[in-house]
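A.B. asks: Okay, here's what each chain looks like letter by letter:
Number of protein chains: 4
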Amino acid sequence: MGIPATSIPACSAMLECYRTVRQQTADLVAPLSEADCQVQSMPDASPAKWHLGHTSWFFETFVLEPHEPGFKPCHPAFRVLFNSYYNGIGQKHPRPLRGQITRPDLAEVKAYRAQVDERIARLLRGPQSPSLLAMLETGIQHEQQHQELLLTDIQHLLSCNPLRPAYQAAPVPPRLATAGPRPMRWQAGAGGLLEIGHAGGRFCFDNESPRHRVWLRPYALASRLVTQGEWLDFIGDGGYADPRWWLAAGWDWVNAQSIRAPLYWQPPEPGERVGQWHRFSLQGQVAIDREAPVVHLSYFEADAYARWRATVSAADAGARLPTEAEWEAAAAPLEGPAVARGNFVETGALRPLPAGSAPDQETPGAQPLEQLFGDVWEWTASSYSAYPGFRPWPGVAGEYNGKFMVNQYVLRGSSCATPRSHIRASYRNFFPTEARWQFSGLRLARDLD
Amino acid sequence: MGIPATSIPACSAMLECYRTVRQQTADLVAPLSEADCQVQSMPDASPAKWHLGHTSWFFETFVLEPHEPGFKPCHPAFRVLFNSYYNGIGQKHPRPLRGQITRPDLAEVKAYRAQVDERIARLLRGPQSPSLLAMLETGIQHEQQHQELLLTDIQHLLSCNPLRPAYQAAPVPPRLATAGPRPMRWQAGAGGLLEIGHAGGRFCFDNESPRHRVWLRPYALASRLVTQGEWLDFIGDGGYADPRWWLAAGWDWVNAQSIRAPLYWQPPEPGERVGQWHRFSLQGQVAIDREAPVVHLSYFEADAYARWRATVSAADAGARLPTEAEWEAAAAPLEGPAVARGNFVETGALRPLPAGSAPDQETPGAQPLEQLFGDVWEWTASSYSAYPGFRPWPGVAGEYNGKFMVNQYVLRGSSCATPRSHIRASYRNFFPTEARWQFSGLRLARDLD
Amino acid sequence: MGIPATSIPACSAMLECYRTVRQQTADLVAPLSEADCQVQSMPDASPAKWHLGHTSWFFETFVLEPHEPGFKPCHPAFRVLFNSYYNGIGQKHPRPLRGQITRPDLAEVKAYRAQVDERIARLLRGPQSPSLLAMLETGIQHEQQHQELLLTDIQHLLSCNPLRPAYQAAPVPPRLATAGPRPMRWQAGAGGLLEIGHAGGRFCFDNESPRHRVWLRPYALASRLVTQGEWLDFIGDGGYADPRWWLAAGWDWVNAQSIRAPLYWQPPEPGERVGQWHRFSLQGQVAIDREAPVVHLSYFEADAYARWRATVSAADAGARLPTEAEWEAAAAPLEGPAVARGNFVETGALRPLPAGSAPDQETPGAQPLEQLFGDVWEWTASSYSAYPGFRPWPGVAGEYNGKFMVNQYVLRGSSCATPRSHIRASYRNFFPTEARWQFSGLRLARDLD
Amino acid sequence: MGIPATSIPACSAMLECYRTVRQQTADLVAPLSEADCQVQSMPDASPAKWHLGHTSWFFETFVLEPHEPGFKPCHPAFRVLFNSYYNGIGQKHPRPLRGQITRPDLAEVKAYRAQVDERIARLLRGPQSPSLLAMLETGIQHEQQHQELLLTDIQHLLSCNPLRPAYQAAPVPPRLATAGPRPMRWQAGAGGLLEIGHAGGRFCFDNESPRHRVWLRPYALASRLVTQGEWLDFIGDGGYADPRWWLAAGWDWVNAQSIRAPLYWQPPEPGERVGQWHRFSLQGQVAIDREAPVVHLSYFEADAYARWRATVSAADAGARLPTEAEWEAAAAPLEGPAVARGNFVETGALRPLPAGSAPDQETPGAQPLEQLFGDVWEWTASSYSAYPGFRPWPGVAGEYNGKFMVNQYVLRGSSCATPRSHIRASYRNFFPTEARWQFSGLRLARDLD
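Chains as they are written, first to last, in the working numbering: chain A, 1 to 449; chain B, 1 to 449; chain C, 1 to 449; chain D, 1 to 449.
Possibly wrong hints are sitting among the right ones.
Anything over 12 Å on all C-beta distances counts as not near chain B; from chain A, calculated [said to hold, decoys possible]:
hint, residue
1, T61
2, F71
3, A77
4, F78
5, L97
6, Q100
7, A188
Computed list of lysine-lysine pairs in DSSO-like fashion (alpha-carbon distance at most 27 Å, straight line) [claimed, not checked]:
hint, chain 1, residue 1, chain 2, residue 2
8, A, K92, A, K110
9, A, K92, A, K72
10, A, K110, B, K110
11, C, K72, C, K92
12, D, K72, C, K110
13, B, K72, B, K92
Restraint ranges, calculated between C-beta atoms of paired labels, are given here [claimed, not checked]:
hint, chain 1, residue 1, chain 2, residue 2, range
14, A, P31, C, E269, 53 to 61 Å
15, D, A332, A, R164, 55 to 63 Å
16, B, Q257, D, D27, 28 to 36 Å
17, A, L448, D, E434, 47 to 55 Å
What the hints contain is simulated information worked out from the structure, not anything from laboratory work.
Remember, predicted model here, so these are calculated numbers, not experimental data.
A virtual CB, placed ideally from N, CA and C, is assigned to each residue, including glycine.
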């Protein structure tokens, strides 16, 4: 394979890194019953069992098959069952039907994982070619992506159950006693001829390169994410019922689907305190937290909110979604400390937290831009497209990203379900405009003229 | 409840009967993994776990709740989760979404069954009112119906898996060495003013009563079921491609769904012997058995076959589906021996067998009408409607049958998945014209003029 | 063709009869613009232009082609464009796409009609074989059926226009000054072994034969149709919101389609008099007429009403839909006078009228069963199926009725859009359970025990 | 209204310009029957009658209503019936149901046009404020857009008719006797920091502004459009069956819709000359013209072709769709002569013509980039989004373009159905990726590194 082996992972030895990430997947699945692992609640989501099989299939197909002497497949049928979308590999089981595959059962899939792990370990005891290491690192990064999907897919499945079961018991929220609401400030970003895209030296996906020049006008980004409380104001002002805020396709969507709030939100029931909304989360049904970032938004909702917000106060005139170039230009200089302090999957919160919740964030305004990493992915105004001069990875791996570059929009940052070691400022996530089951929120931007 | 307690079940004591049937359900589920029990492969089918819960819910709701002193529900949410279609009971979880309920898991549902069993046993140690016994028997009969559905639903689920897993290992077929193909004979049935419907004295469903008069013209029934080999002739003659044989709605269905054979049939693959079809069964993928009854037909296919067959030989001119009155008038006199010898779920074959397969059927023609019970349900030309003077059971139990009397057609007999003690000549099964996942086949009829 | 030439039409000479019926079609289309004639408002309906073309195609294909020496088609493409559903004739333009055919335009289709008329007239100047006369009469009867469809299809099209245009100016209703509301009486019908079906001697469709015996229990029919006022009571009592009255499939339909009233009904707008419903009719938007028969009902609504009505007063206990045999047994003896006085298309009312509206109906109770013919078709409980011994017409004409004998229900009587000369007591109309755009209503029945 | 009145149209007096454009609309409709004008063949298309009404509604609503003293609407219902998508105006008749409105009929809509024309003329005899002139010009430009849609919508409607009627008789193609096939050359475009967007001084739509800087890498554009002959090579090479060339969403679309060729193309029938494809056009069924530009492509097809082409010859390595900035940077300097010579609606060809067909184009290579304007719209790789600093027109007119800036892609140039006076280099057309019924084709681009 021709994926450039430009880096060594953060962990000192590749095998240790591999084992750590594989164990994290097992830990995420631990609270789930076999039934939880089996069901596919919508075509966009996959069963946990499938995630377990597919991530092993990736190592088997892209690492073992080309590098293991005398390679033999673990099970011939798995090549088809656990192929996600690689036409270059051959046939694949239809995505919406993944939940119908009850055999192999969970124990067999776990045995498949164990066999792959053993063969990978044996392989790494031999000579480690650059191409082997490059694909192994790709497989590790790939597994981290599926760790996040596993959580969002489980949340969706449990949300379909009227008993509203929780994935995890609600932990004590790690909020600082002294942290009050953080006012939102506009933080200026310099325009001009800048560079974005991955600068090399460590692993990145092909869609982050090549690094290239863009011209930006002067702009500002909001100092923090939009909160659940601010979203209640939008709802209270009739935001979902006023076509002025909505793209035409968004307005059609709102009406066709009877959208009245972010995904998983539930309005106050008769007899409840006025305004007491709840939302379904990995902790089950919880009360809306006014200071925490709003999450589970579609692109349409994020975009409509910005247009509404621009009319609410003079200070926010011109509010809009940022472009991904604006976001990256502002985030890249802050990458190190911001990642270190972010609310990633490792905090165990598994939900977005109010700005200032992290221990070293307690001084309001100490950071020019808070919550850049962790908490929620931030919708941008940028359609997901190839950077100028983009080349997909060679061979079948070229299907990884390039063929999805249409009719989707870029999200930047990362979320409370993202592994910390997986992320960087040039990272590009992408989803269709209607997608809401990810940890997706927004940060506002505006022109500075 | 007002369901008439006209009978005592065949087993000497009601509790023993209850336990036997409940154990049969457990036995049917034994070969299934937790994953197998969880998934719903189409809206018409239900997860095995749901069948387990719903049949217990039926006893809890219709037996325990009205009869148990100080009744308390096992779990409040189960009243909704396991309600199939009784509006009189209250809300119900939407049928197509049954497979999304991963909690309670299988162990919890089994515990629910155990609790209901224990409370039923305790209740039966007290005074046994007629209404209690009547509803208990209804619950037992109800559970037997779900035993058959459980098997047909599992077969459908496993058919969705490209690995084609078997529910049971294929047993040695219980065919007699000397039994050759049975020629089909026309057996005359007397016409005139007859009575059909249940005559009383034992349990029956409300839809089998009242017994009433019908006028029949002279007619004949085929001595045995239509076979898989005869169906291959229909396919070979282009039967699925010729609109002459099809009802207009059937022709639309054949073309819209690209129907080319019975459900689960697969044509010969390139390189296979000419004409070597296979079909998916509870034993996995098996070769077509030319002498065994064709199964998994829609009403449209059964009807089309009869119309085609009428043109093939002069002897079969006028071939058509029987009416349910014709079928019952012919079957009732033969009920005792025919049921005793039928290929029911108890034979363990779990697939239809050639005529003459049962030990005491070896003399061809010894029985005027073979395979009347067991093997496959027989589509009739009769729309499912109320008998003259029909009254649904009183109260909520009235929803059991009456509200489905539209846009369905009656099937008579029973199948290789039916418990022997469940069946009688007046029994009316019913499904929509497109349904094929049941063990449904056909027997021909014609006028005698 | 082998359709039995059992009769001569009522008009003294066949050509005169032909011309009269063809002119009636032209008269019905006269109020329509070219645009009105072009559009198909739903797949079940056809454009008026298509009706004009298809009825001529029927004469061309079934009369001219087999009988005209040296026959040449008027236009080769019309064989496909105007074929409704005759697979034996060959290909057909898909039904839901009939409205897309803008060429031939209306003038060309009228020229096509004129050419067919001229060639029919020339043909009839030659020898008139029985088979020619039989098919000509069939074509005339067929054209009368399309006259009714033309009116119901136009009403549906105009109902889609928010301007609510009328097909005809509302005429002065021909109601008698002295006619008050007619109380509904139960009129007994004798049971026993009876005969129904066409007795021969005049034209009938194949589905009305053979005449055959049926056994009926004693029963009673309502003396008149259910009225719009009675339907308002059903609505007022929450009839559309109570599952107790509805078949399961009907309850699904009511909820999926948000059905709250008969087709074309509109509830009072804010500020209107309480209870002042309107309905869209061929006369545009009109007020509900409490004494006139309710119309534009589905089978599900008619059936639900009967079940509700059975609970409202002791006198109506056991109310249900009649079977078609009950209806025909009661109607056949009254056929002559009832047809003579019915509100058919010839009255020009083009809407159902209150019982007693016809001049010689003014004495309440003078007729045992009023409104048997004309006004509205009456849903029966009978599934549309073959009579015992039924044989479709030979050849392609056999597709006329037989292939539709599934998943539909029989309506008896006739309507305010039916030509008087078209109807008889043995006539069987049929539609699926959801169909509402026909002039469909109901008359109640019950057992007499 | 606040649309900037930056220009005076090309015609010397505004009224004359208005009348000319309005007459062009009438001329385009002249060949159509009333039936042709009535029907809507798919939700994306509108009836010709609706185009006639809507364009008049635009003048009535945006010009007469705010400027005419004592304004009264022509017909109150037209405000709803002919409102396309302006929520700020109020309710609108649902787009997919436009074809159901048979009244007003065509004559009434023409009378509506005449009344609007008369009132506009009267208004222009009074004082002409800048805002009046600006909205009048907008209305004129708007009507020109609908002229093109009217043609593409009619072509779609006629394509649904199996008789394949022509909109116009096929004219003698205006091809030069001496013009042979034009080889495709790569024409370099300079990169660097450039400006695109409308420079002011004449009318433009809001989506073309503001003019702004972009950074471009060096690139090249193909000297002419991709031809029908080149497309046959793509088909012949199995292009539609090979997932390597397709975006994932495109591959799904190709398979779900069974796409095998551009819209309206029909493969050779049995017995026809090998490779003799035809396509349906405004001239009816015509043979494929190998030298003429391919037309009626989706974005997916255009994109797939480029990816395939990049593998066919070394000279075309890296072939891709151009960005809209690349296109505009190359086209703007050539705008004057290229527009003057383009194959616009005024040539009467109404189909794309081979490069070099225009009289002053006969010297191959005389123009660096041929067919930039006219012939077919050119898909670009650019998602349709707001230019940096974009502001929609104020008020309701702001709904004109801005709210559609999502999930669509930009097409540049213009087509054989575009009025010449309507176009300019900064013009941005846009459609969803699946749209094919427009005159859409492609020109290749590639990087120069």
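A.B. asks: Checked against the structure, which of the hints given earlier come out wrong?
C.D. replies: 3, 4, 5, 6, 12, 16, 17
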